[in-house]
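Could you build the full structure based on these sequences and the hints that come with them?
Chains as they are written, first to last, in this note's numbering: chain U, -17 to 351; chain P, -17 to 351.
Just so you know, these hints were derived from the structure itself, not from any lab. Just so it is clear, CB atoms sit at the ideal spot from N, CA and C, and this is done for glycine as well. Take these hints with a grain of salt, some might be off.
Simulated restraints on C-beta separations [stated by the list, open to error]:
#1 P:A17 <-> U:K137: 35 to 41 Å
#2 U:E189 <-> P:D113: 43 to 49 Å
#3 P:E159 <-> U:K137: 18 to 24 Å
#4 U:E94 <-> P:S321: 38 to 44 Å
#5 P:K112 <-> U:R(-7): 24 to 30 Å
#6 P:G161 <-> U:A20: 52 to 58 Å
#7 P:R98 <-> U:K137: 25 to 31 Å
#8 U:G328 <-> P:Q(-5): 55 to 61 Å
2 protein chains.
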Amino acid sequence: MNEFDFIRNLREQTRSRKHSPRLVTGIGDDASLIAQTANRHLAVTTDLLVEGIDFHLDATPPGLLGQKALAVSLSDIAAMGARPFWSFVSFGLPAEVWKSDFKERFFAGYLELADRYGVTLAGGDVSRTKDGVVVDSIVLGDVAAGAAVLRSGAKPGDQIYVTGTLGGAAAGLKLIEMGARMGDSGLASLPQPGARGNSPTVRERSEARDLDAELEAIEAVLLRQLRPSARVGWGIVLGEERLATAMIDISDGLSSDLAHLSAESNVGALIQSAQIPIDKDVIRLCGRRALDPLALALHGGEDFELLFTVSADETARLPKRVDGVPVTHIGEVTDQPGSIRIAEKGRTWDLPAEGFEHFKDDLTRDPLK
Amino acid sequence: MNEFDFIRNLREQTRSRKHSPRLVTGIGDDASLIAQTANRHLAVTTDLLVEGIDFHLDATPPGLLGQKALAVSLSDIAAMGARPFWSFVSFGLPAEVWKSDFKERFFAGYLELADRYGVTLAGGDVSRTKDGVVVDSIVLGDVAAGAAVLRSGAKPGDQIYVTGTLGGAAAGLKLIEMGARMGDSGLASLPQPGARGNSPTVRERSEARDLDAELEAIEAVLLRQLRPSARVGWGIVLGEERLATAMIDISDGLSSDLAHLSAESNVGALIQSAQIPIDKDVIRLCGRRALDPLALALHGGEDFELLFTVSADETARLPKRVDGVPVTHIGEVTDQPGSIRIAEKGRTWDLPAEGFEHFKDDLTRDPLK
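The structure is reproduced here in structure tokens:
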């Protein structure tokens, strides 16, 4: 049983119980919805980040981890079309990490991002662990009753969109596994250009320019992994303008999250390979590293872009950009439940859900690999 | 810096920031309060439980751990005078525990307790850990605006009360350290009486009766540790009836939690040693084990009783029992901030805050010892 089966099972158990009529949406979406008044709903999400599974401490500057911990939950609130307001952090640290400046740097990063979105850290808990850092990130948001965008609202004929670009976070993870390290203020452990002494030759200057561009691309994808952006503005627009029929954030990977959304909506999907907005830095970096940019974009996960569907007669209302982030049309919802297909050069294939799972049947794969 | 200094520091940082006017009470109380409407406030609490620190997996049946995880958060909601409604669980498990029936037994216990209090499990998260179980328990409750009971409302002359009895949970922990084990259906690893074959003599019968009583006491204190009760009914009554001026739940220990409440209220306290409601099973068990029942009651922690103050002219309105749980008058609030004293046989002493801390300055003490 993987975690999705387990969560489905738990959802059935909770649904069969008598519960508060004020619970609008429980287990099984990006966030839960609770009626505060007849007109306003509260959106609540929790995200557990575990050292060695969800991040490597030696590759993760504490300030960036603080930002990521908040961002992953902001992303869930955005995926409901809600506006984030309050947050909580449960924080477990081993004694030796407690004694360092980890917690101060973590919260400096966390609060910087919270300020950017007007989110108030309202509480939490602190515990010691035997070893390993654990962070549970909780965010509460607010949405007009009826405006929240569930995973379950997609209809055949709806058009499928994704914000921003894909593959960057997965490429960043690959580079971290290859030894790239980020400091609080930029790249820490790759050779720096221009440190060779003497005046450079024309050829050396050209090489240095290439290296600069390469390093810039490396830094960009490392930051996609270590400090993902949540599409808070897009979430609010899509909710308030009643534009999306269904939405999910891309945390496990496009292929898996599209499968989740389609399953909840009881529909299928057909996406166009050529339209997938692959991160340009990923394309630049993959060439000489024998990595497949499309595979990273389809299955990589952790991009925290929003994947959503729009009724065909509403697509003209969709803004081109929100907060500078573009949106891309990638396909269409079909009437074939369980069928997730991808088209390339006139042919179509089944797209298997190959995104991240914590508990694969065999578990031979380290989730960070 | 211990966790209380750190939390105080973080509270100062969050207070100095611009924040939502709807945040009524942030970091630093048993739960946070957010205005839902002009008349209703939302109470939110999170509690992180870490294997090896907050519980030993081999001594904790999963069903009881599920109940405890929920109970510790219900207790925080009760300590605000609020009524619990919704809950969330973030759940981290190593792969080998995931493959066992741990999660099913955990949630069977959890949902049984949730049903008892009309609480709906509304969401959460699942992650894998490298090793060790972690559970973050989040509960949301509801309270009339102005009815919530903070730690900060005690005034000199207010009378101090505690629900139920103290010391049981700490005694249970001592017995677990001595090797006592609880199964899902009672004591698992102490010798059972009456398994000696033949007809018992009069003396053997008397010994067996003593042993039965002793085993009953052992089971009772083990359950106080492994399956604490949250004083949900008391919390609701004290909030709705506007009876308490300040309140905290006893999680760290009476001495520490009384110090927290007094510090937040900027008052002192004088309690009467003879009035401390020590658990009768603790008194029975301590005699032959060289343990001090009063010390366990004062400093032991995890009893999850409510400690609260009542204005002297309101004490007559206080119910004797709620849900069968009595309340005991143990002392009085004084006008000497920082002074927590205990009186015994006409003399008074300073009562040091010797309850549980996750990050003691020296950390030589294992928190489970």
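Within 25 to 31 Å or not, the Cβ separation of R98 (chain P) and K137 (chain U)? violated, 41 Å
Return holds or violated for the Cβ distance of E94 (chain U) and S321 (chain P) against the range 38 to 44 Å. Since the Cβ atoms of E94 (chain U) and S321 (chain P) sit about 40 Å apart, the hinted range of 38 to 44 Å holds.
State, for the Cβ atoms of K112 (chain P) and R(-7) (chain U), whether the hinted interval 24 to 30 Å holds or is violated. With a Cβ separation near 27 Å, K112 (chain P) and R(-7) (chain U) satisfy 24 to 30 Å, so the hint holds.
Quick check: does the Cβ-Cβ distance between A17 (chain P) and K137 (chain U) fall within 35 to 41 Å? Distance hint for A17 (chain P), K137 (chain U) holds at roughly 37 Å.
43 to 49 Å was suggested as the range; check whether the CB atoms of E189 (chain U) and D113 (chain P) agree with it. holds, 46 Å
Verdict for G328 (chain U), Q(-5) (chain P) (Cβ pair) under range 55 to 61 Å: holds, 58 Å
Could you say whether the range 52 to 58 Å given as a hint is met by the Cβ separation of G161 (chain P) and A20 (chain U)? holds, 57 Å
Assessment of proposed distance window 18 to 24 Å (beta carbons of E159 (chain P), K137 (chain U)): For K137 (chain U) against E159 (chain P), whose Cβ atoms are near 60 Å apart, the range 18 to 24 Å is violated.
Taken one by one, the earlier hints fail for this structure at numbers 3, 7, listed in ascending order.
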